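**Q** Read off the chains here:
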Amino acid sequence: MPWGEFKDTAAERRLFQRRTLVMLTFVLVLIGGLLARMYQLQVVEHDIYTTLSDKNRVQVQSVPPPRGLVYDRNRTLLAENRPVFSVTLVPERVDGMDETLAQLDQLLDISEEDRERFQRRLQEPRRPFQEIPLRYDLNEQEMARLAVHRHQLPGVEVEAELVRYYPHSELTAHALGFVGRINRDELQRIDPINYAGTNYIGKSGIERFYEGVLHGQVGYQHVETNARGRTLRVLERENPVPGEDLQLHLDLNLQKRAHDLLDGRRGAIVAIEPATGGILALASVPGFDANKFVTGISVKDYRELSESRDKPLFNRALRGQYPPGSTVKPMMAIAALDSGATTREHTVWDPGHFRLKEGGRVWRDWKRGGHGWVDLMDSMAVSCDVYFYEIAVKMGVDTMYNYLSQFGFGENAALDVSGALSGLLPSRDWKRATRNEPWYPGDSVNMGIGQGFMLATPLQLATATSLIANRGTWTEPRLLKDIDGDTPASDFLPDQTHEPLKLKNPDDWEYVVDTMAEVMHGRQGTARSSGQNAPYRMAGKTGTAQVFSLAEDEEYDAEEVQERLRDHALFVGFAPVDNPKIAVAVIVENGGGGSSTAAPVARELFDAWLLEFPNAGTEGLVGKVNAGGGQ
Amino acid sequence: MALNDFIDSTATNPLGRPRGIWSALHLDPILLVLLLILVTGGLFILYSGADRNLAVVEAQGIRLGVAFVVMLVFAQLDPSVFRRWAPWLYGAGLAALLAVLLVGVGAKGAQRWLAIPGLPRFQPSELMKLVVPMMAAWYLSRHFLPPRFRHVVVGLAIVLVPMMMIIQQPDLGTSLLVGMAGLFVVFFAGISWKLIAAFVAIVSVSAPMMWIFVMRDYQKQRVLTLLDPQSDPLGAGWNIIQSKTAIGSGGIDGKGWLQGTQSHLEFLPESHTDFIVAVLAEEFGFVGMLLLMLVYVLIILRCLYIAAAAQDSFSRLLAGALTMTFFIYIFVNVGMVSGLLPVVGVPLPLISYGGTSGVTLMAAFGVLMSIHTHRRMISA
Numbered sequence: 044m045p046w047g048e049f050k051d052t053a054a055e056r057r058l059f060q061r062r063t064l065v066m067l068t069f070v071l072v073l074i075g076g077l078l079a080r081m082y083q084l085q086v087v088e089h090d091i092y093t094t095l096s097d098k099n100r101v102q103v104q105s106v107p108p109p110r111g112l113v114y115d116r117n118r119t120l121l122a123e124n125r126p127v128f129s130v131t132l133v134p135e136r137v138d139g140m141d142e143t144l145a146q147l148d149q150l151l152d153i154s155e156e157d158r159e160r161f162q163r164r165l166q167e168p169r170r171p172f173q174e175i176p177l178r179y180d181l182n183e184q185e186m187a188r189l190a191v192h193r194h195q196l197p198g199v200e201v202e203a204e205l206v207r208y209y210p211h212s213e214l215t216a217h218a219l220g221f222v223g224r225i226n227r228d229e230l231q232r233i234d235p236i237n238y239a240g241t242n243y244i245g246k247s248g249i250e251r252f253y254e255g256v257l258h259g260q261v262g263y264q265h266v267e268t269n270a271r272g273r274t275l276r277v278l279e280r281e282n283p284v285p286g287e288d289l290q291l292h293l294d295l296n297l298q299k300r301a302h303d304l305l306d307g308r309r310g311a312i313v314a315i316e317p318a319t320g321g322i323l324a325l326a327s328v329p330g331f332d333a334n335k336f337v338t339g340i341s342v343k344d345y346r347e348l349s350e351s352r353d354k355p356l357f358n359r360a361l362r363g364q365y366p367p368g369s370t371v372k373p374m375m376a377i378a379a380l381d382s383g384a385t386t387r388e389h390t391v392w393d394p395g396h397f398r399l400k401e402g403g404r405v406w407r408d409w410k411r412g413g414h415g416w417v418d419l420m421d422s423m424a425v426s427c428d429v430y431f432y433e434i435a436v437k438m439g440v441d442t443m444y445n446y447l448s449q450f451g452f453g454e455n456a457a458l459d460v461s462g463a464l465s466g467l468l469p470s471r472d473w474k475r476a477t478r479n480e481p482w483y484p485g486d487s488v489n490m491g492i493g494q495g496f497m498l499a500t501p502l503q504l505a506t507a508t509s510l511i512a513n514r515g516t517w518t519e520p521r522l523l524k525d526i527d528g529d530t531p532a533s534d535f536l537p538d539q540t541h542e543p544l545k546l547k548n549p550d551d552w553e554y555v556v557d558t559m560a561e562v563m564h565g566r567q568g569t570a571r572s573s574g575q576n577a578p579y580r581m582a583g584k585t586g587t588a589q590v591f592s593l594a595e596d597e598e599y600d601a602e603e604v605q606e607r608l609r610d611h612a613l614f615v616g617f618a619p620v621d622n623p624k625i626a627v628a629v630i631v632e633n634g635g636g637g638s639s640t641a642a643p644v645a646r647e648l649f650d651a652w653l654l655e656f657p658n659a660g661t662e663g664l665v666g667k668v669n670a671g672g673g674q
Numbered sequence: 076m077a078l079n080d081f082i083d084s085t086a087t088n089p090l091g092r093p094r095g096i097w098s099a100l101h102l103d104p105i106l107l108v109l110l111l112i113l114v115t116g117g118l119f120i121l122y123s124g125a126d127r128n129l130a131v132v133e134a135q136g137i138r139l140g141v142a143f144v145v146m147l148v149f150a151q152l153d154p155s156v157f158r159r160w161a162p163w164l165y166g167a168g169l170a171a172l173l174a175v176l177l178v179g180v181g182a183k184g185a186q187r188w189l190a191i192p193g194l195p196r197f198q199p200s201e202l203m204k205l206v207v208p209m210m211a212a213w214y215l216s217r218h219f220l221p222p223r224f225r226h227v228v229v230g231l232a233i234v235l236v237p238m239m240m241i242i243q244q245p246d247l248g249t250s251l252l253v254g255m256a257g258l259f260v261v262f263f264a265g266i267s268w269k270l271i272a273a274f275v276a277i278v279s280v281s282a283p284m285m286w287i288f289v290m291r292d293y294q295k296q297r298v299l300t301l302l303d304p305q306s307d308p309l310g311a312g313w314n315i316i317q318s319k320t321a322i323g324s325g326g327i328d329g330k331g332w333l334q335g336t337q338s339h340l341e342f343l344p345e346s347h348t349d350f351i352v353a354v355l356a357e358e359f360g361f362v363g364m365l366l367l368m369l370v371y372v373l374i375i376l377r378c379l380y381i382a383a384a385a386q387d388s389f390s391r392l393l394a395g396a397l398t399m400t401f402f403i404y405i406f407v408n409v410g411m412v413s414g415l416l417p418v419v420g421v422p423l424p425l426i427s428y429g430g431t432s433g434v435t436l437m438a439a440f441g442v443l444m445s446i447h448t449h450r451r452m453i454s455a
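Listed in order, the protein sequences are those of chains A and B.
So the first sequence is numbered by the working numbering: it starts at 44 and just counts up by one.
So the second sequence is numbered by the working numbering: it starts at 76 and just counts up by one.
Simulated from the structure, these hints should not be mistaken for laboratory data.
Just so you know, not all the hints are guaranteed correct.
Unchecked claim - Label pairs and their computed distance ranges (CB to CB): (1) B/Val178 to A/Ala53: 43 to 53 Å; (2) A/His192 to B/Val298: 37 to 47 Å; (3) B/Arg127 to A/Gln149: 49 to 59 Å.
Unchecked claim - Pulled from the structure, derived: some chain A residues nowhere near chain B, Cβ distances all over 12 Å: (4) Arg62; (5) Ser154; (6) Gly255; (7) Gly383; (8) Asn576.
Said to hold, decoys possible - Far from chain A, by Cβ distances over 10 Å, these chain B residues were calculated: (9) Leu111; (10) Ser281; (11) Trp286; (12) Gln294; (13) Glu345; (14) Leu379.
This one's a predicted model, so the numbers in the text were calculated from it and none came from an experiment.
Ideal placement from N, C-alpha and C gives every residue a C-beta, glycine not left out.
Generate the whole structure from the sequences, applying the supplied hints.
**A** This is the structure we're talking about:
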C-alpha cells in the first residue's frame, strides 16, 4: 500500500465514522422533514386538496331541456328540434385564438359571415367557459376532418345541439314566431339557473308567449374532465324536464291555402273558429323562412328581407293597421239598431252624396248617382255609404265608440298572441288628447264607413266578425288549443275576459246576419259572385279602404293610379250562417275592390274549410254543412 | 433488533472473507434486494404515472436492466482501479464538459449532450457525478486526514471547476448534484467545523450574487414560483399547485393504484418523470410515502454502513459521498414536488422515467458493492 503507511488509519477511520454519524443524523432529520411535509399535505390539509382535486376533475354541466314541440290541430308538426352539429370554441381553453382560427379555416369552410359573427360574440358578455359557436351545420366530411385534428386544437369542440326547426317555415313564421340566440337584454331577464345550458329563446309569436311552457327545466350532470377540459365520463346525472308540447288551433292545410290564395300579393288572412275562438289560419303574405333566424341570420339575408318593398318581416295579420272601410258596417248596423239610431224599416234617400248641412262639405257614396231609397238590408247588400253616414251622425262618436269597443276594436283582445297591435278606435277623448281638437260631426261621418281615424288589424276584424257569428258571445281569439303536459291550458286561456254583447232585441243579431248573407247571396249583393253555387249559406261584408284621400270631386280611376296607391281590398265574413264554423278577415293590400279581390279569397277558404277538409278537428261538420246547404 | 441484525449481517464475518455465491459475484445481497424492491415498486408506479403505457414501462425496464449490468461490471472492479483511474477520468471529464460547451447539442436552450460519431450520445455531466467524488477522494486521501487548509482549497477547486462548467450548459440540477457529491467528500474527509461555518457564511453572502450574475431567468422564475405559486396559477405555478393537490388529495391511504385523478386526467405535469412521487403519494397516500422513505432510508443505512466498514480512506470517502448524492436526489426531488424547494430537474432516483441518471446511480451502487466485497484481511 503506497499510502496509508504513514497515516494514522485508526484515527482516520474514527474521524470518518463520526462524520458518518453526523450525516446519518442529517439524513434522518431531512427525511423526517419530508415526511412531516407529507403529513401536513396528506393528513392535515387533506380536505383542502381533496376539494381542489375534485374541483379540478369534476365539473357540473347543465343539460338544456329539449324544447317542447308545436303541433297544429291535426297533429302535424309545426316546430321541432333537429340535431345540428356545430363547431364551438371555448376562448378560455384555446391557446392562440388567431392560430386556432387559421387552422380551422384549413379544415372547414368558414365564411366571412361566420368569422364576423364569431368575433362579435367574442366581444359580447357571456358566461365564463361558455362556448362560442363558429360554424353551424357541419357535414360529415367536416366532422371527420375535425376529429382527426382534434388533439391539435384545444378548446375546439364539435357540439351536437338541438336546434329549432320549422318544417313549414314560410307558412308559419308569422303565426308561430321563432326562436333565436339569447341576446344581451334577454340575458338580464331570464332565470340564469334554468337557462344555464340554453342557447335559444322564443323571440316572437307562440315561441315567445309560451316560452315558459316550451322551455322545460334544466338538468345537471357531474362530469369528469381532464386538464384540457375534455369530458371523459358522466358521474351523475339529473335529467332535464323537457318542455311541454303545444297543440294549436291552427290548421296547416288551411294556413297553406290562405298563403296560396294570397300568393304573389301582399295581404293577410285571419280565420277563427267562432265556437272556440281558435285561430285556424293566420297568414301574412309574403312570409319568410324563420329557420334562418334561429342560428343567426346573415347580414345579407337580413338586409334582403328588411329592405324588401313587400316587407316580408312585417306581420300584417297582427300588426297591419288598416282603415276597416265598409267591413265595419255590420258592427255599425248592430250599434245603430240597438241604440235606436235606425230601425229595420227606416229608409234613406241616397243621391250619391251626403252633406251635414246645406252647402256644406260633400261626402260621396262609392256609387256615383247613388242607390236611391235604401233600408238597412239594402244598404248592407250594396254597401251604401250614405245610409251609414246618416246613422253614424245620429249615433254620434260616443255611441259608436261604446259599441265598437265591445267588438274588440281598440284593444288586443287575443289571449296568447304576442305582438298584436290594438289598432285605433277614435273617441272624443282620444282626439282631444292627441290632436287637441274637438270631435267634429264630420269625423263621425267618416267613422260610419270605417274611414277617417279608425284603424283595425285583420285579427281585430276577424274577432269582431266572429262575435257576430256567435251572436254576441265572446270567444277571445287564441292560438293554443291544448298543452300536452302538466301545465293546464287554462293558465293561459282565462274564460270570458270580455262581457258578452247583449242586445235589447237579440233577434237583431239574426237580422244583421241576414243582411250579411244578402251581401253573399242577394240579387244585388256586392259579393254575390263569390257567394253563388255554394252548398251552404255564408255571411260577409266587403270593404275597400282608401290608401290616400281623393279630393271630393276628383275622378277616381284605379287603372291610372299606381299599383301601390290602389285601394286595399277587404272582406269579413263567416260560414255557415247558422252554426258558423269559420269567421275570416281578408285584406289584400292595393288589391282594388273588396268584392272583386278579397271576397273570392274568403269563399275559397270557406269551401276549403267546410267542404275540402271537413274533418279538420271539428266533429260532425259534414252533416251540418249539408244542413246549411239546404237553406 | 432486526435493524441491528441487518446492519451487522456481515459483522459475523469481520474479515469480509468471500462467502459463497454473493462474494463470488461481488454483490451485496442486502443492498441488491433493497434495490430490486425499489425498482420493482417503481415500475408499478411508473405504469400508473405514464397512464398505463406499457411501452414506457418496457423501455424503463430495459434501461434498468442495462443499469444493473453496469452495476455488476463496476462491482467486479477493485476499488484501487477507481483510485488509479480517477485523475484520468477527471481530466477526460473536464475535456468532455469543455467540448459540450463548445460543440454540444441539446434542446430548449441548454447544451448538455455530446455527440461523438460512432458513440451513443451521452451527457458528460452525468459521468461527473461519479468522477468528481472519485477525484476529490483520490486527492484528499493522498494526504493526512483531516485535510489541511490548502488541501481543502484544492479539493474545493476540483469540485467547483466542473460544477461551474455544468452551470454554464445550463443544468442547475446536475451541477447541484455534482457539487454536492464533491462537497460531501470534503466533509467526510474531516474538514474542520470552523471551515464549514465559514463556508456556509460565504454561501449565504454569495447567494444574492448568484441570483444576480449566475442564475438564468427561468431559474429565478422557479424560485419565485416556489415562494408564491398562486401568483401564476396557470403558468409556472401550475406544476407546484397540481403536484401539491395530487399529494394532498391522496390522504392517508391514497386513492388506489391507477385511480389517481390528478395524474390520469393530466392535471399533474411530468407525472412519469420528475413528478412521479406525486403519483405515488396520490395513489398510495401517506402510507405509501412512509414505505418509500423506509426503503430509501434502509438503502442509505446500508450504504453508510458499507462506507464505514471500508478499509481505506479513498473507499470510505467515495462510498460516503456517493451515498449522500443518492440522498440528495431523494431530498431535492421530493422537496420540489411537495413544494418545499424550487423546481429543479432532479429525478426521483430509480423510479422516475429516464435512462442516464439510473445508469449513473446503479454504477455508484456498483462502486459501493465493489468497495464492500473487495475487502481484505488486514494484518494485525
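**Q** Indicate, hint by hint, whether the structure satisfies it.
**A** Comparing the hints with the structure gives:
1. Between B/Val178 and A/Ala53 the C-beta distance comes to about 50 Å, which sits within the given range of 43 to 53 Å.
2. Between A/His192 and B/Val298, the C-beta spacing of about 39 Å keeps the proposed range 37 to 47 Å intact.
3. Judged by the Cβ atoms, the range 49 to 59 Å given for B/Arg127 and A/Gln149 is violated: they are separated by roughly 33 Å.
4. In this structure A/Arg62 is not separated from chain B by more than 12 Å, as the shortest Cβ-Cβ distance comes to only about 5 Å.
5. No Cβ of chain B approaches the Cβ of A/Ser154 within 12 Å, the least distance being about 33 Å, so the stated non-interface status holds.
6. With a cut of 12 Å on Cβ distances, A/Gly255 stays outside the contact zone with chain B, its closest approach being about 39 Å.
7. The claim that A/Gly383 lies off the interface holds: its Cβ sits roughly 85 Å from the closest Cβ of chain B, which is beyond the 12 Å cut-off.
8. A/Asn576, annotated as away from the interface, keeps every beta carbon of chain B farther than 12 Å; the closest lies near 78 Å.
9. The non-interface label for B/Leu111 is consistent with chain A: the shortest C-beta to C-beta separation is roughly 21 Å, beyond 10 Å.
10. At the 10 Å boundary, the C-beta of B/Ser281 stays outside the reach of chain A, the nearest C-beta of that chain being 22 Å off.
11. Its beta-carbon lying about 24 Å from the closest one in chain A, B/Trp286 satisfies the requirement of being farther than 10 Å from that chain.
12. Every CB of chain A lies more than 10 Å from the CB of B/Gln294, the least distance being 22 Å, so the non-interface label holds.
13. Its beta-carbon lying about 13 Å from the closest one in chain A, B/Glu345 satisfies the requirement of being farther than 10 Å from that chain.
14. Separation of B/Leu379 from chain A is inadequate, the least Cβ-Cβ distance of about 5 Å not exceeding the 10 Å criterion.
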